[in-house]
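Protein chains: 2
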Amino acid sequence: MTLAFILMVSCNNSSLNKNIQSNEALVDYTKFVDPMIGTAKMGHTYPGATVPFGSVQLSPDTDTVPFAVNGRYNPDVYKYCAGYQYEDSTIVGFSHTHFSGTGHSDLGDFLIMPTTGALKLNPGTATNPDSGYRSRFSHKNEHASPGYYSVLLEDYEIKAEMTASTRVGMHQYTFENNEKAHVIMDLMSGIYNYDDKNVWTFVRVENDTLVTGYRQTNGWARTRRVYFAMAFSKPITNYGRARYDRPPYNGFWGRFNQAENFPEVAGEKIKMYFDFDMGKQEKLQLKIALSPVSSNGALANMKKEIPDWDFEKVKDDAKSSWNKELNKIELKSEDKEEKINFYTAMYHAFLGPTVYMDTDHNYTGLDMNTHNADNFTNYTSFSLWDTYRALHPLFNIIQPKRNSDMISSMIAHQDQSVHGMLPIWSHYANENWCMIGYHSVSVIADAIVKGNTDFDAEKALEACVQTAKTRYYDGLGYYMDMGYVPEDKSSSSVSKTLEYAYDDWAIAQAAKKLGKEDIYIEFMERSKNYKNVFDLKSGFMRPKLSDGSFKQDFDALNTHGQGFIEGNSWNYSLYVPHDPENMITMMGGGERFITHLDSLFTMDLPDKYFENTEDITREGIIGNYVHGNEPSHHVAYLYNWTDSPWKSQDKIRMILDSKYRTGAEGLSGNDDFGQMSAWYIFSTLGFYPVAPGSINYALGSPSIKNAVINLKNGASFEIIAKNQSAENVYVEKVELNGKTLRTPFISHKSIMSGGNLTFYMSSEPNPTLYESE
Amino acid sequence: MTLAFILMVSCNNSSLNKNIQSNEALVDYTKFVDPMIGTAKMGHTYPGATVPFGSVQLSPDTDTVPFAVNGRYNPDVYKYCAGYQYEDSTIVGFSHTHFSGTGHSDLGDFLIMPTTGALKLNPGTATNPDSGYRSRFSHKNEHASPGYYSVLLEDYEIKAEMTASTRVGMHQYTFENNEKAHVIMDLMSGIYNYDDKNVWTFVRVENDTLVTGYRQTNGWARTRRVYFAMAFSKPITNYGRARYDRPPYNGFWGRFNQAENFPEVAGEKIKMYFDFDMGKQEKLQLKIALSPVSSNGALANMKKEIPDWDFEKVKDDAKSSWNKELNKIELKSEDKEEKINFYTAMYHAFLGPTVYMDTDHNYTGLDMNTHNADNFTNYTSFSLWDTYRALHPLFNIIQPKRNSDMISSMIAHQDQSVHGMLPIWSHYANENWCMIGYHSVSVIADAIVKGNTDFDAEKALEACVQTAKTRYYDGLGYYMDMGYVPEDKSSSSVSKTLEYAYDDWAIAQAAKKLGKEDIYIEFMERSKNYKNVFDLKSGFMRPKLSDGSFKQDFDALNTHGQGFIEGNSWNYSLYVPHDPENMITMMGGGERFITHLDSLFTMDLPDKYFENTEDITREGIIGNYVHGNEPSHHVAYLYNWTDSPWKSQDKIRMILDSKYRTGAEGLSGNDDFGQMSAWYIFSTLGFYPVAPGSINYALGSPSIKNAVINLKNGASFEIIAKNQSAENVYVEKVELNGKTLRTPFISHKSIMSGGNLTFYMSSEPNPTLYESE
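These protein sequences, in sequence, are chains A and B. Heads up: the first sequence runs through residues 1 to 773, numbered per the UniProt record's numbering. Heads up: the second sequence runs through residues 1 to 773, numbered per the UniProt record's numbering.
No wet-lab data here; the hints were simulated from the structure. Where hints are given, some of them may not hold.
Said to hold, decoys possible - Straight-line Cα separation of at most 20 Å, DMTMM-like style, residue types lysine to aspartate or glutamate; simulated pairs: (1) B/469 x A/208; (2) B/269 x A/245; (3) A/269 x B/268.
The task is simple: from the sequences and hints, build the whole structure.
So, in structure tokens, the structure goes:
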């Protein structure tokens, strides 16, 4: 755990550091975090209260649209991946679990809404809020900061405030008027709510201030149970339930009134209400603890994390826990907008993966048995197709212990998986198989080669190898036999082939580091498979059929039906992060490659290529370069492998400038559980992990003037960009600890050893920047 | 646990006993047990393999009719409370959980059916067995004995054999032919199968011989999960699943063939099949272990109880465990039919409540948390409205440790219950609220007054008091306030009032024994409430309304709508077991009472009173006396409180003779988890607990000549009926340890101290039998 470790703050004008052990010494960076960034359009972030990597994300849901209408996918659901859309003017309630920035979704557990007046158990509609329990609200009466969210529920004149600890959400409702209040607990509400996402709900009113239970859902996670314990600060006067499922056989139950004040409720579709007599401006507080194991586990979590009713203390603790994490990089800047962008990116980067275990380290595994995370913190919600690229590499620098524990969590996953596979996209002890590749191996390899191995590295490598040999997984058997995935056997075949090849290279790097020569050789061989889908004739990666011929009617710009996923061939053809030199050669050499790359950023992509594409929109692109989605995140750095690294520099600055903004609409695409933000953090600091699994980072163009990375071992690494300005995007010279760099790369070790990296910026490219003297 | 304790076998012609510690010394009484008794019509017993009080009841299901057809209750389901009907000629499969003798049902988990030929995943119909996987069978190829069941599945030429340990069922299938075989695991099959009884199923094919998973159902038990681990004796060659629920969102799953050889399956409605290559006359064995906690728990149970593949050993062990229990009463008789009736009754008496915990004592409680039964064996399936009458009193004599543990289980239930109530009718950590009263208190009080208190007696009494003060329970608030349940407020009001009054008396007796004078006084006062529903004018117990007036249009013979449940006023008016003297006075005194009682057995009850009554049929009655259901089980003994005890004697012998027979149709009504059988055992031995909670038993007329009860402490109690014959049903004289009894009662202590009770039988009544000299 990181809460207790000693934080290092570098002094302003020296490379000396002093130990600062008290929280007061931390700079309050939370004031620069704006959780509203990304809450509009496609950022898919949520504004609610949470702590770093917290299990509870207590946040307002502005609508809960059905996943399907008349049995067909409802595209409107996409807007509500995080439950909140900035443009909305009503709030349905506050639920306790949310993904940050994902492009598919689930969760939204235990929606709570305080109301007054007539009891309404349905949310009503946005166009007619009075038809249900939802309330109008206004952004002017809304405040969001790390660990705290408040809003005025106008229809009821209730001020709603939220804060959280790792496993407990705390609500505080101040009622303007002296009246009878209801607290609705809508157990049918959920994000990406399939008709029958609810499998079962179970509720017990243990006494007049305590309610426990669980909900099982069949959503994106197929078999998912979340247990809760909910405590009220004052006694319930009356309560009841409504059920919307087929009533059960009632032969023996008809003798009870089970709808009101009957303390045991269970069924598929249940809503509860709890009534309270509230005085004028009286506060009602709630604590809702979650557990992946049991309601007893939830109760123990509550007792341990928030034993009292001191809302301000919980809020202060949440803020402190954020400052501890945000201080890991100290950005020295007078530019408030820059600080807002930077610390909001830091905030978003620390929203996941999330802690997934009780305070006693028990959690439910993939086999639905209770497991204990022995000597590590178990995490869940691995959006790996996104986060392997920059987020986990970032963690190797500023969250090494957490990253190691995340890998221990992955190994436990593999151990429990009946497939014997590492996570693909996993949440709450379920594999949802989202996207492609097996990028856990990249995360593991990156940590191994960088020496951040507070996990069983040998076992981790075995898990990688077994994962990479699961023949029935997604065309992998064909890939193993034929050297590529044939498009006629498994769609998105080129993307799969390219990503498998990269992953295989990553496995080889880990094997080499661990001295497993045979595995190294085997997987280095496999890593060359990207060559098998390169079509020399067209100059693009192109889908190949099982007869060995390339697919006809090929459109390198189309994202659909062309052998790629969430990207077109123009972008995806550049996806050989582990072997750019050969890729460039294959594509015709440096000049031709530069032309290809240039055109990516400058070409005019016709509108038709955006139709029916959720993840790629005008906001997220530059020319045909798609920053709003992940496959091209390394692309701007590829000029470093040509004679024109300066072309990387202006592209990176252009992306930083145009795709990351303050305000609700600030993000140009899904934040994808911090991957977009991690790209920002790295690029802002001037370097980027083009191929995780390599010990080197490619240099870019820092957008900040000065920043200090505080490292776990007490050292710090300072980045200085001299003569920095919006115009001076080109690097004239770079010095590592005073020594001029002759290649556009720095090693992980050079960062972790502490020191400084000084960029000298200019408005003109330096064409000989990295040439040896 | 009782398996290890020293069993006592009395010698034939002396009252001396010798310790016999080896199993070989036990008499083999299993050969007299016919599990087929009660499998026809309404006995509702099952013929399959189980051990005493075992968690697993592995038994053939001959049909699985739906609980409801077109949304309406399907009366045909009643026949299949135990899954098997003797008249049927096809078997659907073998499932692992069955209630014995109940009048409502649930369970039927994990139906297994071996087949050959074309794969069929639906059971098909009885009229067209070839339409599904079911098979024809014949009773001539069927064998059932304690712990073992076999049958020839004619359609497939498979000999199916079953045996069991406490938590594991073992199957052995011998295939006549050399062919490809299927083992169907129908996870949708179940007893009392509501349309949507299945809430969720989860299956993992761990490797080619091991499958794990669970099923959650919403049936009679509302929230019930049973976990399993299934091992095969030879490898699966191929497997798959069919699903009958709405397929889930398939966006990311469509890349897999999840229907075949995909090791992870989950959904609401699932069927699995496993294929094997079988040689001619080759055997395939299966072990299926159950757990209330987890699949890991099930696997541990399997490893502990049946680690090997030795079917004969498991079968022999099961037989031994039965003999250990059956030897607790040694019936000396040359009459094979008598022995069959007796030992089958003993067998049925030991089928429940059933063990409900893993071998490590973990189990899931009512709050759905995992609990540990510390120092006791946790039991479930408490059919208390039935079993408090004679089964639990019988256990106080021959299963004292188990009865104490059952009470510990009830206390744990009360502790976990959000209602703070002891079980009413509880199974698998669910209260199903079946029937009326709170008869746990009778079981507890009976054990306390009899000194069988290997449980926390003080806590048990507190639990009784709290249960009896749960105002919202079934008219209880009215009863507490008004002294009776008003029929206009809560139906079956007279039955409730009478049973609450008896239960209150039982609480008082326990309180007295424990020195809680205030509770004694309070509940003795409540126990008189039976008087408030006696209508002097009609001479019957009669429903009273909340205005204090009796219900008009009263029909003392009608079972429906008259203020009673499963009985009419004529029978129920005799339900004051705790105060017969006053009841007789109230009903007009001895002569008038005897006339009433006589008429009960002799009157001609018109057919119309049987219509729409599942529990009361011609087979179960004598005149208007209903033996096939419980409310009158004490009635034949009531003459003991008049000057004509001999009238009890001939009634009891008439009931024993006519209502308990060999053969599948041998039972005259639901065995009700052993209550009918316990009545038989007591009455056959010549005494009966008219009012559990009293230390005395009423004497009747033994139907045996000689029997020895082997007691826990090493003593034995012998019953001798001299001059016994079918005609000599009257008792001329009774001697306890040689001393003539002057009242028709013997105390519990006199039995438990060891000794003998000698009846001298005659063909003529002795009108002065119990008069003092």
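Structure versus earlier hints - violations, ascending order: When the structure is compared with the hints, none of them turns out to be violated.
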